[in-house]
Amino acid sequence: MLDSWSAATRSCWGKTNPDTGGWLPLVQHLEDASGVVRELWAKQPGSIQSVFVEALGSEDSTVAFLTFCAGVHDIGKASTHFAFKAEMVGMGYLCGQMADQGLVGPARIAHPQPHGALGQSHLRSWLKRRYDGDPLLAEHLTCIIGGHHGANPTAAEVENAEKILAEEPPRWHEVRDEICDRMAELTSADSYLAHWMTKDIPVTVQVLTEALVIMADWISSEERLFPYGDPKPTAQRVSLALGRLHLPGPWDPQHSDANAEQLFRERFPSIRSGSPNDMQRAVLVAARSMATPGLLTLEAPMGMGKTEAAELAAEVLAERFGLGGIFFGLPTMATSNPMFSRIRAWLDEVPSVGTASISLAHSKAGLNDEYQGLMPWSRDVAVYDDSDTDGLSEHGVHREAAALVHSWFMGRKRAILANHVVGTIDQGLFAALKAKHVVLRHLGLASKVVIIDEVHAADEYMRTYLKRVLEWLGAYRTPVILMSATLPPSQRKELIAAYADGFTHGDAPDIPDTGDAYPLLTTSSATVSATPIPYRDSTTHVSIRPLDDTTDVLVATIRAQLAHGGCAGVLRNTVGRAQETFSILQDALDCEVVLLHSRFLAPHRASKEADLIDRLGRDAGNRPDKIVVVGTQVLEQSLDIDFDVMFTDLAPTDLVLQRIGRLHRHHRARPHGLSEARCFLTGVSDWSAEPPKFDRGSQAVYGRDALVRSAAVLLETTSDGITLPTDIPHLVARSYSARPDVPPSWSAEAGSAARDARTKRQRSVGRAKTFLLKDPIDSSNLDGLIKEVASDPEDPKGFCQVRDSEDSIEVVVVTRDEDGQVRLPDRIGEYSRAPFPLFGPPSNELARAAASCTIALPHSLSGSWIVDRVIDDLESGPIDLSGWQQSPWLRGQLALVLDEHGLTSLADHPVRYSPELGLIVDTTTQNGAAS
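Numbering (the UniProt record's numbering), first residue to last: 1 to 931.
For the record, the hints were derived by calculation from the structure and aren't laboratory data.
Since this is a predicted model, take the numbers as computed values, not measurements.
A virtual CB, placed ideally from N, CA and C, is assigned to each residue, including glycine.
Heads up, a few of these hints could be off.
Unchecked claim - BS3-like mimics (lysine-lysine), calculated; alpha carbons at most 25 Å apart, straight line:
#1 413 / 15
#2 199 / 128
#3 85 / 163
#4 43 / 364
#5 760 / 436
#6 364 / 413
#7 493 / 85
#8 413 / 434
#9 774 / 434
#10 413 / 774
#11 128 / 436
#12 128 / 163
#13 232 / 15
#14 774 / 693
#15 436 / 413
#16 436 / 364
#17 760 / 493
#18 15 / 85
#19 434 / 760
#20 774 / 199
#21 769 / 413
#22 85 / 436
#23 232 / 493
#24 434 / 15
#25 760 / 774
#26 15 / 364
As the list claims (entries may be wrong) - Here are the simulated distance ranges between beta carbons:
#27 696 / 624: 32 to 38 Å
#28 551 / 760: 57 to 63 Å
#29 174 / 366: 47 to 53 Å
#30 278 / 551: 51 to 57 Å
#31 7 / 109: 50 to 56 Å
#32 863 / 255: 53 to 59 Å
#33 751 / 460: 46 to 52 Å
#34 285 / 188: 56 to 62 Å
#35 218 / 859: 27 to 33 Å
All chains should be modelled from the sequences, with the hints used to inform the complete structure.
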């Protein structure tokens, strides 16, 4: 359709390829983008389409709105501040052909204005002249143009752009007007623009529109899909391009009237019981009976099957309310990887139309073998190719799996747009950051059933972002499922209130007081209702016994408890304490002792975890006669293992209960003397003190306030013990009460600790708010939504994150033999001890194996007082890393080079690594003082 444009408009360039000399007229790119967004609209799930249609009145109006926005998104390129850039890439003749049409300008501009701001300014002027558009209401549309590169210009930048455009030769003004006029006609927006200029367009629609325009811009900018110089009509260009791209449509689970028993057996054939429990039935009933999408908050005991309940509910909610997939967020990468396998297995059992896309979303996803096996270049996966491929369906994918990786969704900013996303909770919290392209994260979440597991693990800093995300999801009418075994009532209320605020636009309903009801299912949308769930399973009585924190006492107690065999868990609050305990027990006990913590190389940790699940898991057939497992918090979060007796450092009450959830977790015959569940509390040097004296490392991790509260609550249970799960709600509620619930003799110190903790929380929330996205209630347009831009949250060098922690240093661990040969460490699968080439980059396979051998240095080596010295030592290491820069797996990585004995030093501190102990750092100076 290029011949329908004036010669002057056709002369404006939009894309160039200096390598080939090819170029694409601006209006052709705009027509392409407009056509692409029309196709993207057709692939949006019903839930997203409903948001648009409800706001804009009809599907025809919505399509006109989207295609017009995409059709004018780059009008700012028709300007002197953009046109001259062709000269800078050696294609000055393009400037000449524009000049021939009266489009003249300077040969170079020192500080060109972004074309987004220029386009936003001109469109505002055009709407005023053509439709007498109210400036504030017009901004609802024009801000989408200004932000199509992921960040909206400031008001000052738009005003400056207006002055610049006013000084340009009139011919530029005429071309931009022609583009707006013609695109309004081509997209049928001219039938609606006058109406749009008289009404508020919700900020939710603006956000989602900007996201779709960005997607359309990215796709239509790929030269391999939209070749330069191709004379085909735009409609044919778009059809051919999207036919080659094979973007999947929304997940489309088929309606099922099966009862709970049948549905459970069909979706989870590997579960032996084959029957849902009361909690799972209640969640399914709630999902099937919700009048509108809403928030489900599920509080139920550890090991009760919350994941399966969420999957059943997600299928129902997606089918009923037109969601296009799921997002499953977890606390850590370690919990995300096994969940990815579980979600894939479940999806394979859900009848649906077509093959959906799936992403594993965290920074180490590429090292997951199962995920790698689904990549486009692997067997039986989606392809992104324009060639014929034998064995593929008409949509370009094999049919062996319900969800596969699609190449277009690979990458940090696109992964969230796949139909199904499994990853860390961070991937969801990023939607609350004022960061570039945050609108894509909104589209990615708003189109899915959002599930957040272990929601209690989010601290005050993270909850600041979580609450903001929930407000937006409530505004989008996106179903959300929150799960926890130990959620404090105050946190439950604030999370429910956040979602309800977004759902009701600030008119949040009352939240009922549920007392000690547990298990509990709370549903919220325009109203909030709480439903206690009958608990018919057997309860577990746990004896709580404080234990003196000495080596001799610990060894003697373990010996006594395991006199007739058994599996004991010893949980420490710090890695250093766990390593020390392991070494002592390994020497003192006559049984196997295993150590697990976060400071192992990923292959070593994965091997240890798989072995423990195999021997101590639900279906273990080779349970050891006697074993002691020493570990840290990784045992409370990620492993479905079962101990006969437990020893745990004192921690916040909810986390102690999570740990106890690994004690007598499954029904089985116990060794003699261990038929009663016993938990010994350690990590306190003096239990008789008021309050007790806590281990210094525990205080550094959890804070004194949380430990004082936990000690007060748990010490009261030492006479009668606790009963799980019935005691969970009131123990957690007491521990998180507004004022510390402690003995009178502790009051002064407990009050001081509480005040310190409150001050620390306030500072943490203050830091979080620095880059917190505005809420959907107070935002009228995108310009007011993102006033300042944070760094890319997934950029390791970025300064804005959703966790309140100092940056750590990640290193690749390698060994250097006496002969100077650099190798991978022992026990790294098939690449164990594999040598690196002396010159040049390693092979792709070896580089990937090396990338899995990363470890984060402890705070003692990454704190502000030492980090520069450590980096200097790493960068001046004994091996040449220049070849690594050619590998996408290793580029930019630092290496920790160990000698043949696993030893080195950093900033004068001895460092060693072994597959048995993990990374050990000696943090004392020569005179013994702590560094």
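Evaluated hints:
no.: 1; hint: 413 / 15; verdict: holds (22 Å)
no.: 2; hint: 199 / 128; verdict: holds (15 Å)
no.: 3; hint: 85 / 163; verdict: holds (20 Å)
no.: 4; hint: 43 / 364; verdict: violated (29 Å)
no.: 5; hint: 760 / 436; verdict: violated (29 Å)
no.: 6; hint: 364 / 413; verdict: holds (15 Å)
no.: 7; hint: 493 / 85; verdict: violated (54 Å)
no.: 8; hint: 413 / 434; verdict: holds (14 Å)
no.: 9; hint: 774 / 434; verdict: holds (8 Å)
no.: 10; hint: 413 / 774; verdict: holds (20 Å)
no.: 11; hint: 128 / 436; verdict: violated (29 Å)
no.: 12; hint: 128 / 163; verdict: holds (16 Å)
no.: 13; hint: 232 / 15; verdict: holds (17 Å)
no.: 14; hint: 774 / 693; verdict: violated (43 Å)
no.: 15; hint: 436 / 413; verdict: holds (10 Å)
no.: 16; hint: 436 / 364; verdict: holds (22 Å)
no.: 17; hint: 760 / 493; verdict: holds (22 Å)
no.: 18; hint: 15 / 85; verdict: holds (11 Å)
no.: 19; hint: 434 / 760; verdict: holds (23 Å)
no.: 20; hint: 774 / 199; verdict: holds (22 Å)
no.: 21; hint: 769 / 413; verdict: holds (22 Å)
no.: 22; hint: 85 / 436; verdict: holds (24 Å)
no.: 23; hint: 232 / 493; verdict: violated (58 Å)
no.: 24; hint: 434 / 15; verdict: violated (29 Å)
no.: 25; hint: 760 / 774; verdict: holds (23 Å)
no.: 26; hint: 15 / 364; verdict: violated (34 Å)
no.: 27; hint: 696 / 624: 32 to 38 Å; verdict: holds (33 Å)
no.: 28; hint: 551 / 760: 57 to 63 Å; verdict: violated (33 Å)
no.: 29; hint: 174 / 366: 47 to 53 Å; verdict: holds (50 Å)
no.: 30; hint: 278 / 551: 51 to 57 Å; verdict: violated (45 Å)
no.: 31; hint: 7 / 109: 50 to 56 Å; verdict: violated (25 Å)
no.: 32; hint: 863 / 255: 53 to 59 Å; verdict: holds (56 Å)
no.: 33; hint: 751 / 460: 46 to 52 Å; verdict: violated (19 Å)
no.: 34; hint: 285 / 188: 56 to 62 Å; verdict: violated (45 Å)
no.: 35; hint: 218 / 859: 27 to 33 Å; verdict: violated (39 Å)
Hints 4, 5, 7, 11, 14, 23, 24, 26, 28, 30, 31, 33, 34, 35, counting from the list given before, are not met by this structure.
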